[in-house]
Amino acid sequence: MDLYQELILEHSKRPHHAGLREPFDAEVHHINPTCGDEVTLRVDVSGTGPDAVVTDVSYQAQGCSISVASSSVLAEEVIGRPVGEALETFEAMRAMLTSKGAVKGDEELIGDGVAFAGVSKYPARVKCALLGWTAFTDALARAGVDISTTSSASPQGVSP
Amino acid sequence: MTEVLPFTGGELAAIRGDFPILARTVRDGRQLVYLDSGATSHKPSAVLDAERAFYEQRNAAVHRGAHQLAEEATDDFESARATVASFIGAPSDEVVFTKNATEALNLVAYAFSNAGPTDDPKDERFVLGAGDEILVTEMEHHANLVPWQELARRTGATLRWVPVGEDGALDLDGLDDLLTERTKVFAFTHVSNVLGTVNPVGELAQRARAVGALVVVDACQSVPHLPVDVATLGADFIAFSGHKMYGPMGVGVLWGRGELLDVMPPFLTGGSMIELVTMERSTYAPAPQKFEAGVPNAAQAVGLAAAVRWIEAIGVDRVHAHEAALVDLLQRGLAERPWVRVVGPAVGTPRGGAVAFVVDGVHAHDVGQVLDDAGVAVRVGHHCAWPLHRALGATATTRASFAVHNTVADVETLLAALDRVPEIFGIDVDDTDPDAELETRHDARALRGEHSGQPDESERAAS
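Residue numbers (the numbering used here), protein chains in the order written: chain P, 42 to 201; chain R, 33 to 495.
Treat the hints as calculated values from the structure; they're not laboratory data. For glycine and all other residues, C-beta sits at the position ideal for the given N, C-alpha and C. You may find that some hints are simply not true.
Here are the simulated DSBU-like pairs of lysine-lysine, each with C-alpha atoms no more than 35 Å apart in a straight line [unchecked claim]:
hint: 1; chain 1: P; residue 1: K54; chain 2: P; residue 2: K145
hint: 2; chain 1: R; residue 1: K131; chain 2: P; residue 2: K141
hint: 3; chain 1: P; residue 1: K141; chain 2: P; residue 2: K162
hint: 4; chain 1: P; residue 1: K162; chain 2: R; residue 2: K131
Covered by chain R, per the in silico footprint, the following chain P stretches (three or more residues, Cβ under 8 Å) [as the list claims (entries may be wrong)]:
hint: 5; segment: 71 to 77
hint: 6; segment: 93 to 106
hint: 7; segment: 118 to 125
hint: 8; segment: 163 to 170
All chains should be built: construct the whole structure from the sequences, respecting the hints.
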């Protein structure tokens, strides 16, 4: 089955940047109520406006391989990046995940996120792959970052 | 194992042939192995035909109109009620059709807070307030938990619960402290939708009756799978769903003792449930109409009656024997795999049609995905029993649940697919520690402040 790419399994077994760290500007706790998966995620942002940079993303994820690996890839892709770029990565991830297999994903934009292309063929798992990402955008908003350029911070079915 | 099954190969093939959906394939041409009947069962052709025939030949709003279609539709609806009532050993007028079992349970829960201050006479059994208690159990489906939490919130009554023991049975040691003169209602499941545990309804009901508490039983996982006779069960109310017993979605059943239904305040109000209406006030029709406001789900009730006849033609005791043999086979197969931990009663303990398990180190969602890849449909998650999963120390479990059409081959396909899990997720099958999960479970207990059954705000907030 093409869902469980080696990259996903590696990230889920040894999630990068895992754990909750100081300092942070906002912390959120998101749950997938259908399966009980949970992620607590913190963001630390430096600078403001267009110059804002994601200094750190730390998290504690409890859930399936897809949701844990997704948080790991998220941290890998956005730490040290300008907020604008991080949100573009989120948009690209979401576009791919909700495309039902039509969008392959651009490695330049989403890095290891391309390993999740297979998830889009399994609608029940899209929520798992987006759990960390929606927590991230929610945390950015709570940290005072304007995320209005993203089409929606909370896709259907994922409740905080 | 085949020889212990009560059906001949031909009989089982005929049963399977009644389900059109079993002929379809899933995931690139694999034969569907449906082991999710605890969530919803498939529908035999007889049910689909009955529903279609109702719409094609007799479609009318029942209990209204004097035209011939209305008469025939009303006859069909009331005859469906009689069929369902007879199946559970009840008089017809004690069966209320609802949207589903959740609505049936809410109907009773709301009755406890729907008595008005000016009602006269008011039956004290249905009046709840501060100082009164509602007792549930830790193994309840959310449908038999959240309505009682809400009732406690509305009335100021206190919610308490019976904990689940290590063996997957209710821990009844502290029941005398939990079930007291203060208890107005004791709501519990007949058969756990996760553990498969069969609760001793008779004993629990007797003890509830001794303190004057009403007994509400969630029978969703028992009525389709075991002979249930309300005359001897001991409950005051039972709720079950049509769609879990080969019937259509959109119909559930509440059975209540006649004398209780007579005095119980209504839940939903409006047309059909009235006797006399003026601008100031209304009086209500006798039960069961009092609890069936609006145009009822007649086509679904007719479909459910067809499902009941279909089960009766096979014999619910044979259904049970068949499913029990498959449950046993699966439990034994899982026991041979030390990297799998089954939750619930040990092999050999009488249990319902659900077998839930944990693969150490692999999330249930991932296990379910591997099974799905082989065409095996199971349920993953907390199965609407989140507090129970917390007590088990598991985020989620994988649940196989049986129906009469399942086969030994279905179990074998599941086990073969399951054997791919360690390989895909890199689990060392020789290096699993069966005690590891148990420790987690004890830790979870400790974290929860031990299972006193006392209300705990943090736990209630999280449920």
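We went through each hint and held it up to the structure:
Proposed proximity of P:K54 and P:K145 is supported: the alpha carbons are some 24 Å apart, at most 35 Å. For the hint pairing R:K131 with P:K141, the CA-to-CA distance comes to about 33 Å; that is within 35 Å, so the pair holds. Restraint check: the Cα-Cα separation between P:K141 and P:K162 comes to about 5 Å, which is no more than 35 Å; the hinted pair holds. The straight-line distance between the Cα atoms of P:K162 and R:K131 is roughly 33 Å, inside the 35 Å bound, and the hint therefore holds.
Remark: the segment 71 to 77 of chain P is confirmed as covered by chain R, as 3 of its residues place a Cβ nearer than 8 Å to a Cβ of that chain, reaching the required three. Evaluation of the coverage hint for the segment 93 to 106 of chain P: fulfilled, as 4 residues show C-beta separations to chain R shorter than 8 Å, against a requirement of three. With 0 residues bearing a CB less than 8 Å from a CB of chain R, the segment 118 to 125 of chain P misses the requirement of three and the coverage assertion fails. A count of 3 residues in the segment 163 to 170 of chain P with a Cβ less than 8 Å from any Cβ of chain R is obtained; the coverage claim is therefore met, three being the minimum.
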